[in-house]
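Spelled out, the chains give:
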Amino acid sequence: MTPRPFTRLLPGLLMPLAALAFAWSALAVEPDEILDDPELEARARELSEDIRCLVCQNENIDSSNAELAKDLRVLVRERLVAGDSDQQVLDYLVERYGDFVLLNPPFKPQTYLLWFGPAAILLLGGLAVAAYFRQRGREAGAGPAPTPDLNAEERKRLNALLKDEGRA
Amino acid sequence: MSKRVILLLPIAVFAVLVVAFVWGLAPDRDPSRVPSAMVDKPAPDFDLPAVTGLEIPGLKTADLNGDVMLVNFFASWCVPCRVEHPVFMDLAAKGDVKLVAINYRDKPADAVAWLAELGNPYSRIGADLTARTGIDWGVSGVPETYIIDSEGRIRYQHIGPMQVSDYEETIRPLIEELKQ
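So the protein sequences, as listed, match chains A and B. Mapping of the first sequence onto numbering that gives the first Met the number 0: position 156 corresponds to residue 155, and the numbering continues sequentially without gaps. Mapping of the second sequence onto numbering that gives the first Met the number 0: position 56 corresponds to residue 55, and the numbering continues sequentially without gaps.
No wet-lab data here; the hints were simulated from the structure. Treat the hints with caution; some may be incorrect.
Quick look at which bits of chain B chain A covers, simulated, 3 or more residues with Cβ under 8 Å [claimed, not checked]:
id, region
1, 22-35
2, 124-131
3, 137-149
Okay, derived cross-link-like pairs now, SDA-like style, lysine to any residue, Cα gap no bigger than 25 Å in a straight line [stated by the list, open to error]:
id, chain 1, residue 1, chain 2, residue 2
4, B, K97, B, E54
5, B, K40, A, Y91
6, B, K2, A, R133
7, A, K69, B, I158
8, B, K97, B, T51
9, B, K40, A, Q109
10, B, K93, B, P30
11, B, K2, A, A119
12, B, K106, A, L74
13, B, K2, A, A139
14, B, K93, B, S149
15, B, K93, B, L53
Idealized CB from N, CA, C, for every residue including glycine.
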C-alpha cells in the first residue's frame with residue numbers, strides 16, 4: 000500500500016475542526032430548546048445574543064450555561080411562539096430586570112452621556128488641538144521681533160570692530 | 000487670562016478623574032449587582048403549590064395582600080441561604096413581620112430536609128420548581144428578599160443574603176414606615 004498524499008488526508012483532518020466550529024456556535028443552546036420553525040428559531044437566536052445572563056453577567060443568554068440563561072432562552076422562545084414581536088419580548092424582560100438585561104443599551108435621556116460622551120470628548124480634543132495649532136500659526140506668522148536701530152555710539156563701536164577685522 | 004484657564008485645565012481634568020475613581024472604587028459599590036426594576040410595582044401574578052411533604056400552604060398573589068410582609072426566595076442548594084436563615088428564624092420568633100417564602104428551583108425532598116434541619120420561619124411556602132415565578136419577580140439568583148406593602152406592592156428588593164445589619168439598618172426601618 001502506497002502512502003496517501005497529504006492533500007487527500009486534508010478533508011479528513013479538517014472535518015473534526017469544522018465540527019468543532021459548529022459545536023462552538025451552539026454551545027449553550029440545547030437540542031430540546033430549539034424550535035421546529037427555523038424562522039422563529041433564528042429570531043430567538045438573534046434576540047438571545049442581546050440579552051444579558053443575570054448570573055454570569057458579561058455573557059449573553061445564547062452562550063451562557065447558567066440555569067437562569069436556559070430558562071430565559073426557553074421563555075424567549077415561548078413568547079415568540081405565542082406571537083410576540085421581538086420588541087415585546089425585550090420589553091417583557093426589561094419590565095422585570097430593567098435595562099441591565101439588555102447588552103445593547105437603549106437610547107434615552109439617562110444614557111445620553113454614554114452615547115454622546117465619546118463624541119463629545121473627541122470634539123473637545125479636536126477643539127483643543129485646533130486652538131493649539133492656531134496659536135502656533137499666529138506666532139510663526141509674526142516672525143522674530145524687529146531689531147531696534149543702533150544708536151550713534153553702537154554704530155561707532157561696530158565700525159571699529161569691522162575695521163579691525165578688515166586689517167587682520 | 001486664557002492662558003491661565005489652560006493652565007488650570009489639567010487640574011480640572013484630574014479632579015473629574017478623582018471623582019470618577021472614588022465613585023468607581025467605593026467599597027460599597029458592587030458593579031455586578033442587578034439594579035431593581037420591580038420596586039414600586041405590584042407583585043406579579045402567580046399561584047404556586049405547596050412544597051410536597053411540607054404541611055405549610057403554598058403561595059399566591061392574593062396571599063400578599065393585607066399586611067406588610069417579607070417574601071424570601073431560597074433553595075436548599077444555596078449556601079448563602081443557609082447563612083441568612085438564622086436572621087429569619089429570629090424574625091419569626093419575635094413575630095415583628097409576616098414572613099413567606101418561595102422555594103426556588105429546588106427538589107421538594109431537599110427543601111423539606113433543609114427546613115427540618117434549620118427550622119422553618121415561614122408561614123407559607125410556594126414551590127417554584129421551574130423558576131418561572133422567579134423570573135416574573137426579577138430574581139437573578141437566590142437568596143433574594145422582597146418587602147411587600149399592605150396593598151401587595153413590592154417596596155424593596157434585597158439581593159443576596161440578609162445580614163443582621165441589613166435588617167436593622169434598611170429592612171426594619173422600611174417595614175416600620177410601611178406599617179404606619
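Comparing the hints with the structure gives:
1. Counting residues of the region 22-35 of chain B whose CB lies closer than 8 Å to any CB of chain A gives 4, so the stated coverage by that chain holds, three being the minimum.
2. Under a criterion of three residues with beta carbons nearer than 8 Å to beta carbons of chain A, the stated coverage of the region 124-131 of chain B is upheld, 3 such residues being counted.
3. By the rule of at least three residues with a Cβ nearer than 8 Å to a Cβ of chain A, the coverage given for the region 137-149 of chain B holds, with 3 such residues.
4. Between B:K97 and B:E54 the alpha-carbon distance is near 18 Å, which keeps this suggested pair within the 25 Å criterion.
5. Between B:K40 and A:Y91, the direct Cα distance comes to roughly 14 Å. Compliance with the 25 Å bound is thereby established for this hinted pair.
6. Using a Cα cut-off of 25 Å, the hinted pair B:K2 and A:R133 holds, with the two alpha carbons roughly 14 Å apart.
7. Taking the CA atoms of A:K69 and B:I158, the gap is about 21 Å. The hint holds against a cut of 25 Å.
8. The hinted pair formed by B:K97 and B:T51 meets the criterion: a straight-line CA distance of about 22 Å does not exceed 25 Å.
9. Among the hinted pairs, B:K40 with A:Q109 is consistent with the structure: their alpha-carbon atoms are about 21 Å apart, no more than 25 Å.
10. Proposed proximity of B:K93 and B:P30 is contradicted: the alpha carbons are some 35 Å apart, above 25 Å.
11. Proximity of B:K2 to A:A119 is assessed by CA-CA distance (about 23 Å); at most 25 Å being required, the pair is judged to hold.
12. Restraint check for B:K106 and A:L74: satisfied, since their Cα atoms lie roughly 21 Å apart, inside the 25 Å limit.
13. About 18 Å separates the Cα atoms of B:K2 and A:A139, which keeps this hinted pair within 25 Å; it holds.
14. Between B:K93 and B:S149 the CA atoms are separated by roughly 20 Å; this keeps the pair inside 25 Å, and the hint holds.
15. Taking the CA atoms of B:K93 and B:L53, the gap is near 23 Å; set against the 25 Å cutoff, the hint holds.
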